[in-house]
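**Student:** These protein sequence lines are chains Z and H, in that order. Going by our numbering, the first residue of the first sequence is number 110, and it counts up by one from there. Going by our numbering, the first residue of the second sequence is number 2, and it counts up by one from there.
Read the hints as simulated data drawn from the structure, not as lab findings. No experiment lies behind these values; they were computed from the predicted model shown. One or more hints might be untrue.
Unchecked claim - Below 20 Å or equal to it, Euclidean Cα-Cα: the simulated DMTMM-like pairs (lysine to aspartate or glutamate) are: (1) K55/H with D33/H; (2) K230/Z with D171/H; (3) K280/Z with D99/H; (4) K363/Z with E79/H; (5) K32/H with E281/Z; (6) K55/H with E316/Z.
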Amino acid sequence: MKTLPKYRPRTVDEQLLTENVEKYRSLMIEAFLKGKSPPSRVSRMLNIEGVGEFWTGSGYFKAAVQTEEGRKILEGEVARERSRTEDIQSGPMVRWQHALDKADEAIRFAYDNLLPAEALKTISTIWEHLDRTSELAAARSRLLMGKVDKPGLAELPKWFEEQEPTLRNAKEGELAANPFAIESARLLVRAAYAAAGKTDKPEAELEVGPLGRVMIDWYFVGSRFQWMVEAIDLPWPSVKVYQLLRRSDVHAPKPVQTRILHNAYDAVESFTEFVQGK
Amino acid sequence: MYQRCIDHQTAPGNQPGDTINEGEFFRNLKKDHVAKCYGGDDEHQPEYGLKLRKRHWQYWGQQRSGLSVNLRSCIHSEVCSIALQSGGEDYFHVAIIDLGAINACGLLSSSFVAQYDPAPPNMCHFVILPLDGTVSKWMELAEVLDTPFPPANKLPATSDEKARARLAFDQYRSYIDVRRWVRKTDGSLH
């Protein structure tokens, strides 16, 4: 086996590792048994020569490397910690964004170039895939929620209690808010207040939003921060919140920013940043 | 009035389903869809004009069928826009929406289009829809069109505040121009 002058860990193509682990492992062992260098593709894949053995598991890899200083074990987690950006940015965390961009592109292409019935069929197929992805995200988030601490909750502010009846009692010819949306909204506001700590906390106006959603319109002078909370079939701290924010600017109007948030952590983080003027 | 409005339509050259991203459209409004830009302004001749009530915008997103409007260059008058509206007796005001100006405002993350949707005998009917999203895009539009006028809803007092308020209203009117009492308070439509 070739000896490396120095152990130099480099970015590893995690996707290739996980998808083709058995294939490359066999190729490598075969090469070693024959006394040859590892196949060039394997070397390229690991971006390092002299690899003796490697293993992968859920979210990590490990490789034995022969160096001048002896055998070293090269290992790393590929998707567990955000701080390990080298691995993350070269692996599936980049590819998912790329894949979704491609899906957007395919929808636009179908709309612009195909006959309407054909475009509808194509978009429907893509949408089905995206729904499956969405279900996967919901399922895994649900499982992960059991492993992290739930957000802290403050007392429900008085202004919420006072306005809550307007959510529950529909005006004539209008819908009342969905009770699950109200419950999510209550918890979100309590979590937001708990996270804001001793900072001055704004109040908000509550309204029934479209299709029984709950609209929370926070009072910020000159700026807008709005949540529209939807009922979902996942437990707290999963939520579905349409968030709109627009920062004040006396010189030029700032563009409106919207996001669709799926857990209370993200919503509360946005809230605290906005309250603190970040 | 009803028959005259039908006869005088100038149908656009679009096929049903065609979309356009500019043009002026009439949106018929009920009495409570309109508010003064400043609550303290004059009731009959508000100096700083009228705007759509926030709640009206927020509920546009609920209309699964899109925002129903009539093409101005086809239907020609606000009166005909209300006359050809089903259940038109509940509609008193009309907003003139400049779709091109809204799309060019630079504050929205994506544009809106108007899709031709003739509803005989109304051959001028379109629906306005977001091109790249649903609920969040309606929220964006509502926000852009509901920006508080300076100085934040309090009736302007100083000359500087008055100038800024007029500027804000001119900006608003370049997107939406509200014509009040197209149907008279006695219910007549002339």
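**Student:** Hints first: check each against the structure and report whether it holds.
**Tutor:** Consistency of the hints with the structure:
1. Restraint check for K55/H and D33/H: satisfied, since their Cα atoms lie roughly 11 Å apart, inside the 20 Å limit.
2. The suggested pairing of K230/Z with D171/H is violated, with an alpha-carbon distance near 45 Å, which exceeds 20 Å.
3. With a C-alpha separation of about 32 Å, the suggested pair K280/Z and D99/H falls outside the 20 Å cut-off, and the hint is violated.
4. Only pairs whose Cα atoms come within 20 Å are accepted, and K363/Z paired with E79/H is rejected, the gap being roughly 33 Å.
5. Taking the CA atoms of K32/H and E281/Z, the gap is near 16 Å; set against the 20 Å cutoff, the hint holds.
6. Note on K55/H and E316/Z: the hinted pairing holds, with a Cα-Cα distance of about 11 Å set against a maximum of 20 Å.
Checked against the numbered hints given earlier, this structure breaks hints 2, 3 and 4; the rest are met.
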